[in-house]
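Asks: As a plain string of letters, each chain reads:
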Amino acid sequence: MALRTDVTALARRTHARKPHKVEEAVTALGVVAPPPIQVESPHFTGSLGTLFTCVKERKVNLLDVPLLPICEAYFLYLLEATLKDLDNAGAPLAALSYLLERKAWSLLPVAEPVPELELPTELIAPTNHEYETAITSLNIWQDERERMFFRPPDCGPDPYELPFEIGNVTINDLARAFEKLLTKATVEEIKPLNKARRSISEQMKIVLKALTKDFKPLDQLITLPFSREEAVYWFLSLLELIRLGQVNVRLKEEDVEFARAA
Amino acid sequence: MDIVDTLEALLFVTDSPVTLAQMAVPLELTEGQVEQALEILHERLDARGSLQLVQIAGGYQLCTKPHFADAIAAFLKPQRQKLSRSLMEVLAIVAYKQPITQAEVDQIRGVQSDYGVRSLLERRLIQEAGRKQTAGRPFLYTTTQQFLHQFNLNDLSMLPPLSTGLPLLQVEEGGLAS
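Residue numbers (the numbering used here), protein chains in the order written: chain S, 1 to 262; chain X, 1 to 178.
By construction, these hints were calculated from the structure, which means they are not laboratory data. We put the CB at the ideal spot given by N, CA and C, even for glycine. Worth double-checking, as some hints may not be accurate.
[What the hints assert, rightly or not] Computed Cβ-Cβ distance ranges for the label pairs, DEER-style:
#	chain 1	residue 1	chain 2	residue 2	range
1	S	I206	X	Q22	42 to 48 Å
2	X	V4	S	E240	38 to 44 Å
3	X	D70	S	Q220	56 to 62 Å
4	S	K180	X	K77	51 to 57 Å
5	S	A259	X	L76	21 to 27 Å
6	X	Q22	S	K205	55 to 61 Å
7	X	G49	S	S201	54 to 60 Å
8	X	V13	S	D143	24 to 30 Å
[Claimed, not checked] Interface residues of chain X toward chain S, partial, derived using beta-carbon atoms under 8 Å:
#	residue
9	V18
10	L45
11	Q61
12	R80
13	K82
14	L87
15	A92
16	I93
17	P99
18	F139
19	L153
20	D155
21	L156
[Said to hold, decoys possible] Take a look, some chain X residues computed to stay more than 12 Å from chain S by CB distance:
#	residue
22	D5
23	A24
24	P26
25	L27
26	A69
27	S119
28	Q127
29	A135
30	Q150
Make the full structure from the sequences, and use the hints.
Replies: Take a look at the structure:
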């Protein structure tokens, strides 16, 4: 540190120590560095730059930090330093003036808060008399309407949606079966996005041909080797066939098995 | 095929009000014939059963009779929230003065209505219906079909006439008349 100035806020006035050597206040990056003044007071200890930041972020109450010794230290720093341009002297001065302004504001007397009334003031209701009848009518109609029940929109299942039975097989079981299948899939080469897309309905026909009346796990239905894309198509087709009631599914020793519905 | 029974079946499967025209087309009837049949259905339902035929939100719909409301409410446990006084005030102003801007609602009420307008929009009781061609091009608001349905109204003409406000004192010769 080029210059160290001790500032104490107590009875003993703090004096700046004479600098052994004054360094340039401009860093290698060209940024004006804060003056190398070290502030030591009961409520704050640190550099002037840190004090500036803490005050700005309201982490330090400036009323607890005396500014006179800091100003003295700063002027001593200016006198003893051999600063080459005004930027080096001006930037710390701006920081110091900010601190002085903040302290000056905080020393101003604060207005007494207005005592709250014990009883809240009765405000005039924003009522428009011409709408009174309408509001009353709307309230009555709302009450009447609440005693009438209509068929709610989209309440029931789609009439064309057939209920399907999957027994004790849960969604998680199906997801596990899919994950298991994916681990056996081979990594396929990357294809362009605009390639012709396969249809699930075509895949469903393939899946139906592969299925028998005997229950089989998913990895036994698909012929090896198969890609991840094929695995996805198989699984989506199976889900759709379950929904349509064309595939039965069961759980056997934590393994999901599929069969063609009768 | 009995027309009245058919209409009852059509109304049974719908979840929103059906207009005369919507019913007339599939049955190959005129709207007048449908209306006559609906009158018969109305009387028939009134006389027996738990359902009634109502004219609501510009159409016809079946609903339960108020007599069964308590039992149905206990069964369905509907989450209903009544509109507050301020919301009702904004709604009434929009209903009568539509299309109306929020600033105009504020002016009538004497207080800001942004919360009320936003809340009614969320409840789909009012809707944005274009912009007023004035400075700032503010949104114009109108009531919705949901408003008619929620307040058991067939159309806006069922709203009562606005009251004239505070009773006026008549000044007669020799003083004020009560």
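Asks: Determine for every hint whether it applies to the structure shown.
Replies: Verification of the hints:
I206/S and Q22/X have their C-beta atoms about 44 Å apart, which keeps the hinted 42 to 48 Å range intact. Remark: the range hint 38 to 44 Å for V4/X to E240/S is upheld by a beta-carbon distance near 42 Å. Taking the beta carbon of each, D70/X and Q220/S are about 58 Å apart, inside 56 to 62 Å as hinted. For the hinted restraint 51 to 57 Å between K180/S and K77/X, the CB-CB distance of approximately 43 Å leaves it violated.
Restraint check, A259/S to L76/X: a C-beta distance of roughly 40 Å breaks the suggested window 21 to 27 Å. Under the hint 55 to 61 Å, the C-beta atoms of Q22/X and K205/S, about 40 Å apart, miss the expected range. Roughly 46 Å separates the CB atoms of G49/X and S201/S, a value that falls outside the hinted 54 to 60 Å. Distance hint check for V13/X and D143/S: the Cβ-Cβ separation is about 29 Å, which falls inside the suggested range of 24 to 30 Å.
Look at V18/X: its Cβ only gets to about 12 Å from chain S, farther than 8 Å, so that hint breaks. Hint on L45/X is violated. Least Cβ distance to chain S is approximately 13 Å, over the 8 Å limit. Proximity of Q61/X to chain S holds as hinted, the smallest CB-CB distance being about 6 Å (cut-off 8 Å). Restraint check, R80/X versus chain S: the minimum CB separation of about 6 Å is within 8 Å; hint holds.
Because the beta carbon of K82/X sits about 7 Å from the nearest beta carbon in chain S, less than 8 Å, this interface hint is met. Against a cut-off of 8 Å between C-beta atoms, the interface hint on L87/X is violated, since the closest Cβ of chain S lies about 10 Å away. The beta carbon of A92/X comes within 4 Å of a beta carbon in chain S, closer than 8 Å, and the hint placing it at the interface holds. The criterion of a C-beta within 8 Å of any C-beta in chain S is met by I93/X, whose closest approach is roughly 6 Å, and the hint holds.
Among the interface hints, the one on P99/X is violated; its C-beta lies about 17 Å from the nearest C-beta in chain S, farther than the 8 Å criterion. Using the Cβ-Cβ criterion of 8 Å, the hint placing F139/X at the interface with chain S is not satisfied: the shortest such distance is roughly 21 Å. With a cut of 8 Å, the hint placing L153/X at the interface with chain S holds, because the nearest CB-to-CB distance is about 7 Å. Hint status for D155/X relative to chain S: violated, with the closest Cβ pair at about 13 Å, above 8 Å.
Checking L156/X against chain S: minimum C-beta separation of about 11 Å lies over 8 Å; hint violated. The Cβ of D5/X sits about 18 Å from the closest Cβ of chain S, beyond the 12 Å cut-off, so the non-interface label holds. Taking the minimum C-beta to C-beta distance to chain S, about 21 Å, the non-interface status of A24/X holds against the 12 Å cut. Every CB of chain S lies more than 12 Å from the CB of P26/X, the least distance being 16 Å, so the non-interface label holds.
Separation of L27/X from chain S is adequate, the least Cβ-Cβ distance of about 20 Å exceeding the 12 Å criterion. The claim that A69/X lies off the interface is violated: its Cβ sits roughly 4 Å from the closest Cβ of chain S, which falls inside the 12 Å cut-off. With a least CB separation of 15 Å from chain S, S119/X remains clear of the 12 Å interface cut-off, as annotated. At the 12 Å boundary, the C-beta of Q127/X stays outside the reach of chain S, the nearest C-beta of that chain being 17 Å off.
The Cβ of A135/X sits about 25 Å from the closest Cβ of chain S, beyond the 12 Å cut-off, so the non-interface label holds. Listed as outside the interface, Q150/X is inconsistent with that label: its C-beta sits roughly 6 Å from the nearest C-beta of chain S, within the 12 Å cut-off.
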